[in-house]
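Q: Throw the hints in and build the complete structure from the sequences for me.
If you read the sequence shown in the numbering used here, its first letter stands for residue 547, the second for the next number, and so on.
Hints listed in this document are in silico derivations from the structure and should not be mistaken for laboratory results. Quick caveat: nothing in here was measured; it's all calculated off a predicted structure. Take these hints with a grain of salt, some might be off.
[Said to hold, decoys possible] No more than 30 angstroms apart at the CA atoms, straight line, and that leaves these computed lysine-lysine pairs for DSS-like:
(1) Lys578 - Lys672
(2) Lys727 - Lys578
(3) Lys672 - Lys727
(4) Lys727 - Lys553
(5) Lys623 - Lys778
(6) Lys553 - Lys623
(7) Lys672 - Lys696
(8) Lys727 - Lys781
(9) Lys751 - Lys623
(10) Lys623 - Lys556
(11) Lys696 - Lys751
(12) Lys704 - Lys781
(13) Lys556 - Lys696
(14) Lys553 - Lys704
(15) Lys623 - Lys727
(16) Lys778 - Lys701
(17) Lys672 - Lys751
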Amino acid sequence: MTNFTDKNLKVFAANRFLRIRYREWGTSDNAKVVVCVHGLSRNCQDFDDLAAALASNWRVLAIDMPGRGDSDWLEEKNDYGYQVYEAVCAAVLARSGGDEIVWIGTSMGGIIGMRLASRPGTPIVKLVLNDIGPFIPAEGRRHNQADFGKDPRFKSEKLGIAHVRETRSAFGPFGEASWQKFGRDSLRQLPDGQWTLHYDPGLSKIGAPVQDTNNWHLWSQITCPVLTLWGKESKLLPADVVERMATTGPNSLIHEVPGVGHCPGLTTSDEIDAIRTFLAS
Numbered sequence: 547m548t549n550f551t552d553k554n555l556k557v558f559a560a561n562r563f564l565r566i567r568y569r570e571w572g573t574s575d576n577a578k579v580v581v582c583v584h585g586l587s588r589n590c591q592d593f594d595d596l597a598a599a600l601a602s603n604w605r606v607l608a609i610d611m612p613g614r615g616d617s618d619w620l621e622e623k624n625d626y627g628y629q630v631y632e633a634v635c636a637a638v639l640a641r642s643g644g645d646e647i648v649w650i651g652t653s654m655g656g657i658i659g660m661r662l663a664s665r666p667g668t669p670i671v672k673l674v675l676n677d678i679g680p681f682i683p684a685e686g687r688r689h690n691q692a693d694f695g696k697d698p699r700f701k702s703e704k705l706g707i708a709h710v711r712e713t714r715s716a717f718g719p720f721g722e723a724s725w726q727k728f729g730r731d732s733l734r735q736l737p738d739g740q741w742t743l744h745y746d747p748g749l750s751k752i753g754a755p756v757q758d759t760n761n762w763h764l765w766s767q768i769t770c771p772v773l774t775l776w777g778k779e780s781k782l783l784p785a786d787v788v789e790r791m792a793t794t795g796p797n798s799l800i801h802e803v804p805g806v807g808h809c810p811g812l813t814t815s816d817e818i819d820a821i822r823t824f825l826a827s
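A: Here you go:
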């Protein structure tokens with residue numbers, strides 16, 4: 547796998563300076579920049595395979611959002627939200643030095659991408675959405691968050707990986723090696739030797755009720771080319787939303803990933819080649 551460097555950036559958000567970890571692939575002087583942002587309870591390591599495949603032509607920055615991976619947790623849990631996430635991402639975009647940015651976002655990361663791409667003067671020139679769209683049904687959100695924030699403990703890494711594999715079975719398609727990596731990347735070890743999930747369980751304390759998410763107003767303001775990877779079994783990205791995405795606003799290209807729910811793992815040659823072709827077009 548191509549070499550990467552883990553870096554830290556201090557970002558002022560939520561009334562304090564936060565240490566934000568991001569992983570950089572490719573040469574640091576490459577002006578062609580890709581920024582990757584993960585889903586709700588995930589972290590930057592979800593993009594390792596994709597970033598390694600892109601690194602010969604692009605500089606890839608994959609971010610751990612606050613409360614995930616190795617970035618700082620927020621003291622006030624209600625501060626977790628898109629205002630803070632956008633501030634963090636804007637700081638990373640500025641650090642990158644790129645005037646034109648390709649954004650690749652999975653789930654929550656795709657929502658952040660849509661929000662930033664719809665802004666006047668945005669540096670985002672291409673947008674890749676991994677199994678997310680402008681409309682998310684409440685039922686899909688509830689299903690996706692069913693075990694979110696439960697803060698389990700595992701006596702071994704092996705047991706933790708088995709838990710991740712069971713609760714995230716809609717991801718993929720993964721072979722055995724990819725499942726093992728996905729599971730390891732989902733865990734952190736505690737001082738007492740046990741293992742738990744690699745995010746702040748306080749993320750689940752955010753008080754807003756689960757309801758439909760409607761961002762069609764953002765979609766109509768996006769002018770850059772868009773590619774959407776669609777897990778055909780996804781509960782967060784229904785077929786009628788995909789159809790509307792392809793025929794309104796930026797008229798997204800659609801790449802179907804059969805047999806997968808929420809969400810495609812960005813590890814297969816099919817998924818990576820679709821993104822590489824889109825970036826080269």
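Q: Give a verdict on every hint.
A: Hint check results:
For the given pair, Lys578 sits about 12 angstroms from Lys672 by alpha-carbon distance, which is consistent with the 30 angstroms threshold. The suggested pairing of Lys727 with Lys578 holds, with an alpha-carbon distance near 28 angstroms, which does not exceed 30 angstroms. The straight-line distance between the Cα atoms of Lys672 and Lys727 is roughly 29 angstroms, inside the 30 angstroms bound, and the hint therefore holds. Between Lys727 and Lys553 the CA atoms are separated by roughly 21 angstroms; this keeps the pair inside 30 angstroms, and the hint holds.
Taken as a hint, the Lys623 and Lys778 pair is broken in the structure, with Cα atoms around 33 angstroms apart against an allowance of 30 angstroms. A C-alpha spacing of about 25 angstroms is found between Lys553 and Lys623, which places the hinted pair at or below 30 angstroms, so the restraint holds. In summary, the hint linking Lys672 to Lys696 is not supported, as the alpha carbons are separated by about 36 angstroms, beyond the 30 angstroms threshold. Of the pairs offered as hints, the one joining Lys727 and Lys781 holds, with about 24 angstroms between alpha carbons and a cut-off of 30 angstroms not exceeded.
Pair hint Lys751 plus Lys623 holds up; C-alpha atoms about 6 angstroms apart against a cutoff of 30 angstroms. Restraint check for Lys623 and Lys556: satisfied, since their Cα atoms lie roughly 19 angstroms apart, inside the 30 angstroms limit. A hinted pair counts as satisfied when its Cα atoms are at most 30 angstroms apart, and Lys696 with Lys751 qualifies at roughly 11 angstroms. Between Lys704 and Lys781, the direct Cα distance comes to roughly 28 angstroms. Compliance with the 30 angstroms bound is thereby established for this hinted pair.
Between Lys556 and Lys696 the CA atoms are separated by roughly 29 angstroms; this keeps the pair inside 30 angstroms, and the hint holds. A distance of roughly 28 angstroms separates the Cα atoms of Lys553 and Lys704; the hinted pair therefore holds under the 30 angstroms criterion. Taken as a hint, the Lys623 and Lys727 pair is honoured in the structure, with Cα atoms around 29 angstroms apart against an allowance of 30 angstroms. This hinted pair does not check out: Lys778 and Lys701 have alpha carbons roughly 35 angstroms apart, beyond 30 angstroms.
A hinted pair counts as satisfied when its Cα atoms are at most 30 angstroms apart, and Lys672 with Lys751 does not qualify at roughly 34 angstroms.
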